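Novice: First to last, the sequence lines map onto chains R, W and E.
According to numbering that gives the first Met the number 0, the first sequence holds residues 0 to 305 in order.
According to numbering that gives the first Met the number 0, the second sequence holds residues 0 to 179 in order.
According to numbering that gives the first Met the number 0, the third sequence holds residues 0 to 446 in order.
Among the hints, erroneous ones may be present.
Partial list, computed: chain R residues near chain E (C-beta under 7 angstroms) [to be verified]: (1) Thr2; (2) Gly111; (3) Val112; (4) His114; (5) Gly130; (6) Thr190; (7) Pro193; (8) Glu195; (9) Arg198; (10) Gln223; (11) Gln227.
Computed cross-link-like contacts, BS3-like style, restricted to lysine-lysine with a CA-CA straight-line distance of at most 30 angstroms [as the list claims (entries may be wrong)]: (12) E:Lys338 with R:Lys4; (13) W:Lys95 with R:Lys37; (14) W:Lys30 with R:Lys66; (15) E:Lys264 with R:Lys118; (16) R:Lys28 with W:Lys26; (17) R:Lys182 with E:Lys293; (18) E:Lys335 with R:Lys4; (19) E:Lys407 with R:Lys119; (20) W:Lys95 with R:Lys28; (21) R:Lys10 with W:Lys77; (22) R:Lys182 with R:Lys28; (23) W:Lys26 with W:Lys77; (24) W:Lys30 with R:Lys37.
Honestly, the hints are just simulated from the structure, not real lab data.
Only a predicted model underlies this, so the values are computations on that prediction, with no experimental measurement involved.
All residues carry an ideal CB built from backbone N, CA and C; glycine is no exception.
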Amino acid sequence: MLTKKDLLGIKELSVEEINLILDTAAVFKDVLGRDIKKVPTLRGKTTVNLFFEPSTRTRTSFELAAKRLSTDVINFSVPTSSVVKGESLIDTALTVQALGADFIIIRHSSSGVPHLLAKKLKASVINAGDGTNEHPTQALLDAFTIREKKEKIEGLEIAIVGDIAHSRVAKSNIYCLKKLGAKIRLIGPPTLIPKELERMDIDVFHNMEAGLKDVDVLMMLRIQMERQGRGFFPSTKEYSRNWGLTSERFSLAKDDVIVMHPGPMNRGVEITSEIADGPRSVILEQVTNGLAVRMAVMYLLAGVKR
Amino acid sequence: MSKELMNKMDIDRALTRMAHEIIEKNKGTEKLCLVGIQRGGVHLAKRLASKIKQIEKKDIPVGSLDIAFYRDDLNIRKEQPVVRRTEVLFEVTDLKIILVDDVLFTGRSIRAALDALIDLGRPASIQLVVLIDRGHRELPIKADYVGKNIPTALSETVEVQLVEEGLEDRVILESPLVPL
Amino acid sequence: MNILIKNGHIIDPSQGIDRVGDILIEDGKIKEVHIQGKEQRAKPPPTPPSPSRGEGKGEGESLLSESRIIDAFGLIVIPGLIDMHVHLREPGFEYKETIKTGTMAAVKGGFTTVCCMPNTFPVNDNASVTELIIRKAAQEGLCTVFPIGAITKGQKGEELAEIGTMRKEGCIAFSDDGQPVMNSLIMRRALEYSKAFNVPVISHCEDLTLSEGGVMNEGLLSVTLGLSGIPAEAEMIMVYRDISLAELTGGRLHIAHVSTQGSVKLIRDAKKRGINVTAETCPHYFNLTQDAIKDFNTNAKVSPPLRTERDIEAIKEGLRDGTIDIIATDHAPHHKDEKQREFDMAPFGISGLETALSLSLKLVQKGILTINQLIEKMTLNPAKILRIDKGTLKVGSDADIVILDINKEYEVESERFASKGKNTPFEGWVLEGMPILTIYRGRAYER
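Just chain R, same shape as in the assembly (with noise of 0.2 angstroms):
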């Protein structure tokens, strides 16, 4: 069972919650390959998207999670809202809330905001990504996905390739991985990954080749284009042949290592088409297991008792 009504980031959860969690996307994975894919679990209960940042995947997993479980959907985004015109945060949600919504999805580009308005709100918050805090639902697909093509988390060697500091999906990543036992080492510049971070017992290469060693499994994250002529980099160019995914440095890693990445790709530049496509990707999964596990984390909370 899980305690809190909302569920906010993987700091906030404990092993057992993310077992369950995952536990029960696994029986949704069965349901998603019968031919009927949606139970009418939650029927007569809405689920708003309230997407503050442009998102197709992510809203568009959840649109279709919501609806496999019989809930209404609204998409409520940002261009045709009201935001625009100036209306605060809390008041655009307690207007959502209004309309009847029983589950709250939230992405924004300022890290909090699902924190904030799930103290305002009586439904149940989702973060689908909030500013460089946390993507619980992508690290808890990636634990997913990791589960079932590994057979466990702990001990394995997970590496995450690229842009941590500004990465939501690390952050979620390293809590949720380490909460489950897994080893974890960071690679890229260091202008991408936070010192801090080596406090939490992770392990930092700035070298790819060497910290490709022995990996079991591989994440690759998306560099965004507009970090280039910051400092955090000269160029996307320089970036590639730094850290990027090529098929040599891809040997190093162990024979049956598996590679993720939460997509959108720039192919060429952190991967190449080889590896996104090839025998060791599992990229197509991910997103297969993100419906799975959205629709177990909205079915949890349907169940917590307010």
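Given the structure of chain R, go ahead and fit chains W and E onto it with the hints provided.
Specialist: Leaving out everything else, chains W and E in the frame of chain R:
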């Protein structure tokens, strides 16, 4: 206060009888499958399958069904039901499904199970086996095979304990203590 | 208009008084101070004033009877406190605070003199704004308000403001608080030019290029909260620059709201070298670490940001050894709606006037400062830096007096603040010691 309604032997005899009834009514085991409702029903379905095999020398497929996603009381239950896997590893369309549960009470679990089954495919028919029918139906649902009919009060609870769950086979009626 | 305060424990660092005694107030001035058990014993005790009815209450004030005897037995009697760093928000941001509500908060908190920063709208960068603030304060203020003028026009850090004219109009110090002067040449000129008028330049030390986008202290917590960090170095770099410029120019530099261990060290060294530098810190920098932000609490968002345990210890040591001369509040009231929003977007600042004294008394309770030293840092030292005739109980000076009950416990409830700004990270804290009566120019305000 608790009272034993059935012991190991009683349960076994009831299952044997129902296995015979199932074969008789269906004129053999053609197109037959057993689906137990998590969790008690699953154990009983497996036992019925082995009894049928003893009698007919035929293997019939057994599946397990979790009905958590189909319940109508998710909003009012004190505790959210634990979700278990539904494992029906065969195509149910055109099969005669023998649905197995331990206790038949209000009929709501069976209603949920019927919905869950229909979402898996289009069976030729669904028949219901229960070990205990304790009455108090709230829906127009009736079992085709009953191990034992037991009149109960609403305040009482019926518990089926099975060796598969690490207990001794028996059925117990729990009555709340009545103040003198 | 007479008050006799009897039997109180009088502490006045300006005269070195730390004894039980009586104070007689007449016509808003301190008429007599009688210390028990001293040579003054030869003098007859002050005559109690003849009872007469008060002239009626002032609007919105809890004005007590104007002729009375106050028995201060068991209480501490100190000069009215001076806060040389507040934001009164008027003109321009009256929805956050006004001179009236801000000075009401001051008096409630035991302050009888406040110096307001120039980041109003329009900015106090010319004599007409200074005049407006002084006039408003005279009309509506409940305590003395000294404006602080902007160093540069519009606080833009480009062109010096008319420091001399504003000085004549009543500004007693100059600062671009909140918008630090990034151009070192301009800062050099300010420190040089201000010498002609013998006024301190107050520096909000923050390298804006290094702190860009930052909303809290940089460290593991900022990483795990996903909030942009402001490294301690952003403060230290500017502290070092301004100390160097003070040395170069011989100007009077006052460093506002010191928050880091490194800054304390730099200031300590500068003082040792005889550089003309003074420094302040605020109660939140020795009572709170960055952990106060953990739940994205915007009421703990302040500039400079709350730091670490190590910094708190260094600041306490700096207060103890005199490196940090004064405690100011950096009272920065904001409207509730402004704070109740995205952490990134919420404004920096803490409403501090009404909790400052109690929070500072913790230093005494923990044995870091004596009560004498604390009062010195909130009365005599700011008066010296600002060269004002306040913060003293000398006979003939304004009867600005606070009666303090150091044992009284209370819970911080922002809803009861007189300030419009309810933005405090100390909500619900139980504090020990509070001003129970503030007398400003002979008028008494009960808390």
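Novice: Next, verify each hint and record whether it holds.
Specialist: Checked hints:
1. With 7 angstroms as the threshold, the beta carbon of Thr2 of chain R stays out of range of chain E, its nearest partner Cβ sitting at about 17 angstroms, so the hint is violated.
2. Checking Gly111 of chain R against chain E by beta carbon gives a least distance of about 3 angstroms; that is within 7 angstroms, so the hint holds.
3. At a threshold of 7 angstroms, the smallest CB-CB gap from Val112 of chain R to chain E is about 6 angstroms, leaving the interface hint in force.
4. For His114 of chain R, the suggested interface contact is upheld, since its CB lies about 5 angstroms from the closest CB of chain E, less than 7 angstroms.
5. Residue-level restraint check for Gly130 of chain R holds (minimum Cβ-Cβ distance to chain E is 5 angstroms; threshold 7 angstroms).
6. Against a cut-off of 7 angstroms between C-beta atoms, the interface hint on Thr190 of chain R is violated, since the closest Cβ of chain E lies about 14 angstroms away.
7. The criterion of a C-beta within 7 angstroms of any C-beta in chain E is met by Pro193 of chain R, whose closest approach is roughly 4 angstroms, and the hint holds.
8. Here the hint on Glu195 of chain R is kept, as its CB sits about 4 angstroms from the closest CB of chain E, short of 7 angstroms.
9. Checking Arg198 of chain R against chain E: minimum C-beta separation of about 6 angstroms stays under 7 angstroms; hint holds.
10. At about 15 angstroms, the closest approach between the beta carbon of Gln223 of chain R and any beta carbon in chain E exceeds 7 angstroms, and the interface hint on this residue is violated.
11. Residue-level restraint check for Gln227 of chain R is violated (minimum Cβ-Cβ distance to chain E is 17 angstroms; threshold 7 angstroms).
12. Taken as a hint, the Lys338 of chain E and Lys4 of chain R pair is honoured in the structure, with Cα atoms around 24 angstroms apart against an allowance of 30 angstroms.
13. With a CA separation close to 24 angstroms, the supplied pair Lys95 of chain W and Lys37 of chain R stays within the 30 angstroms bound.
14. The hinted pair formed by Lys30 of chain W and Lys66 of chain R fails the criterion: a straight-line CA distance of about 34 angstroms is larger than 30 angstroms.
15. Among the hinted pairs, Lys264 of chain E with Lys118 of chain R is inconsistent with the structure: their alpha-carbon atoms are about 41 angstroms apart, more than 30 angstroms.
16. For the hint linking Lys28 of chain R to Lys26 of chain W, the alpha-carbon distance of about 37 angstroms lies beyond 30 angstroms, and the restraint is violated.
17. At roughly 26 angstroms between alpha-carbon atoms, Lys182 of chain R and Lys293 of chain E fall within 30 angstroms of each other, so this suggested pair holds.
18. For the proposed pair Lys335 of chain E and Lys4 of chain R, the alpha carbon gap of about 26 angstroms is at most 30 angstroms, so the pair holds.
19. Note on Lys407 of chain E and Lys119 of chain R: the hinted pairing is violated, with a Cα-Cα distance of about 35 angstroms set against a maximum of 30 angstroms.
20. At most 30 angstroms may separate the alpha-carbon atoms for a hinted pair to count; Lys95 of chain W and Lys28 of chain R meet this at roughly 26 angstroms.
21. Distance hint between Lys10 of chain R and Lys77 of chain W is fulfilled; the C-alpha atoms sit about 27 angstroms from each other, no more than 30 angstroms.
22. For a cut-off of 30 angstroms, the pair hint linking Lys182 of chain R to Lys28 of chain R stands: about 27 angstroms separates their Cα positions.
23. A hinted pair counts as satisfied when its Cα atoms are at most 30 angstroms apart, and Lys26 of chain W with Lys77 of chain W does not qualify at roughly 44 angstroms.
24. Restraint check for Lys30 of chain W and Lys37 of chain R: satisfied, since their Cα atoms lie roughly 27 angstroms apart, inside the 30 angstroms limit.
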